[in-house]
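**Student:** Chain residues, written in single-letter form:
Protein chains: 2
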Amino acid sequence: MNFDVRQLALHVLTDRVLSLGRDMVTVATAALDGGATVIQLRDKTASTRLLIEEAVALRALTRERGAMLIVNDRIDVALAVDADGAHVGQDDMPAALARQLLGPERILGVSAGNLEEAAEAIIAGADYLGVGPIYATASKADAGQPQGTALLRELAAQHTLPLIAIGGIHAENAAEVIQAGATGIAVISAVVSAPDITAATHDLRQILFAGWRGKNML
Amino acid sequence: MNFDVRQLALHVLTDRVLSLGRDMVTVATAALDGGATVIQLRDKTASTRLLIEEAVALRALTRERGAMLIVNDRIDVALAVDADGAHVGQDDMPAALARQLLGPERILGVSAGNLEEAAEAIIAGADYLGVGPIYATASKADAGQPQGTALLRELAAQHTLPLIAIGGIHAENAAEVIQAGATGIAVISAVVSAPDITAATHDLRQILFAGWRGKNML
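First to last, the protein sequences are chains A and B.
Sequential numbering of the first sequence, starting at 1, is according to our numbering.
Sequential numbering of the second sequence, starting at 1001, is according to our numbering.
It should be emphasised that the hints constitute simulated quantities derived from the structure, not laboratory data.
Check before you lean on any hint, since a few could be wrong.
[Stated by the list, open to error] Computed list of lysine-lysine pairs in DSS-like fashion (alpha-carbon distance at most 27 Å, straight line):
no.	chain 1	residue 1	chain 2	residue 2
1	A	K140	A	K44
2	B	K1044	A	K140
3	A	K44	B	K1044
4	B	K1215	B	K1140
[Said to hold, decoys possible] Covered, in the sense of this in silico footprint (three residues per stretch, anywhere, with C-beta under 8 Å from a C-beta of chain B), are these stretches of chain A:
no.	stretch
5	47-60
6	75-89
7	92-102
Glycine included, every Cβ here is placed at the ideal spot set by N, Cα and C.
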């Protein structure tokens, strides 16, 4: 599919538990105000009915703001609300099946925690890789061992696909993941748990832009 | 879509917890040996990856036996494994969206616990209604209040759609739900928790057939 890679710069993943009681649309709106380019709907405990309601609300919001909506895991929900794409992890639908259901036009992101998973994801038709966890994270209970920036460096040397770094990324380490080869970053708690979501998102975006300028991407 | 309504006679829903430690394929094989006509894959706690593996195994098995595979809730999984259809409850994807994603050819079953839900499901494009819970059931924690056979009688008087009775149905009460207007029945524990799954399924099938003969359906 066709998209400007800069649209993948800053993914904010939803999390009902970590959002300090603020509802999903409030959190997403504040993140978009701060410059998030992608809202990824991730809700592993909701019923499908609730997921659809959340996705419909986020679809309207992201469309209004010219941002992307990507749905985690649930290809059915992504298709039902006409999301821009879906993101699958290693416990989700195999990427090749996800690609088949999504069709060629929607964005498919695939999590990769090592070189082998990355190679498989690319063969299966991924448009970008979610690479991580880079650092230790408490936001995702089943995240694997932190990889540091080494995996990003190796992948950036081998592949041209956009690499979105995830796992324990915040304002203090975002510059080094861009430097290591990440195109963009995906965050949960660094944004959704921030007292000022818009300011936290804006800070991350400024760091990304600075990193891109350093790589002549802007 | 086109199907012989008799193919909807006897739905056996999978349940990993209630199957007394027997694996899903073993349980489904025994149920098919006893004459189940539909295996409905229902697994609300599995990861999507595991669901796909279960669905792939059940797809091969049901195809080999000429039985139907229907996937509960997950339209993505139904499409991914080319199931015959999907079944959605009131907490799942709205039926009209499910119909859109499934297309016109696959079977769409929709749960209805009252006349209003039934009417909505029919408008949304349901091929059959899952009507219940008829009797008290421990198999489904979020099942509503038992309806008895009254709802079946009312629906059978108003609609021609196949009605599949569900909720607490076993060999002792199966005849009366057919008599009340059900086309078929859906069971969980009456089959998957039975010491002899094949015999339990066979008994239910015989009761169904006797009921159909009483209604000149055979």
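**Student:** In terms of beta carbon proximity below 8 Å, does the stretch 47-60 of chain A have 3 or more residues touching chain B?
**Tutor:** Since 5 is at least three, the answer is holds.
**Student:** Going straight from one Cα to the other, do K44 of chain A and K1044 of chain B come out at no more than 27 Å?
**Tutor:** holds (11 Å)
**Student:** Hinted pair, alpha-carbon criterion (27 Å max): K140 of chain A, K44 of chain A. Please report holds or violated.
**Tutor:** OK: K140 of chain A and K44 of chain A at ~11 Å, within 27 Å.
**Student:** Between the stretch 92-102 of chain A and chain B, are there enough contacts, at least three residues with CB-CB distance under 8 Å, for the coverage claim to hold?
**Tutor:** holds (count 6)
**Student:** Taken at face value, is the distance from the CA of K140 of chain A to the CA of K1044 of chain B at most 27 Å?
**Tutor:** The given pair, whose Cα atoms are some 20 Å apart, holds under the 27 Å limit.
**Student:** For a C-alpha distance cap of 27 Å, please report whether K1215 of chain B and K1140 of chain B respect it.
**Tutor:** Distance of about 30 Å is beyond 27 Å: violated.
**Student:** Count the residues of the stretch 75-89 of chain A with a beta-carbon closer than 8 Å to any beta-carbon of chain B: does the count reach three?
**Tutor:** Satisfied; 6 residues make the cut.
Consistency note: the structure conflicts with earlier hint 4 alone.
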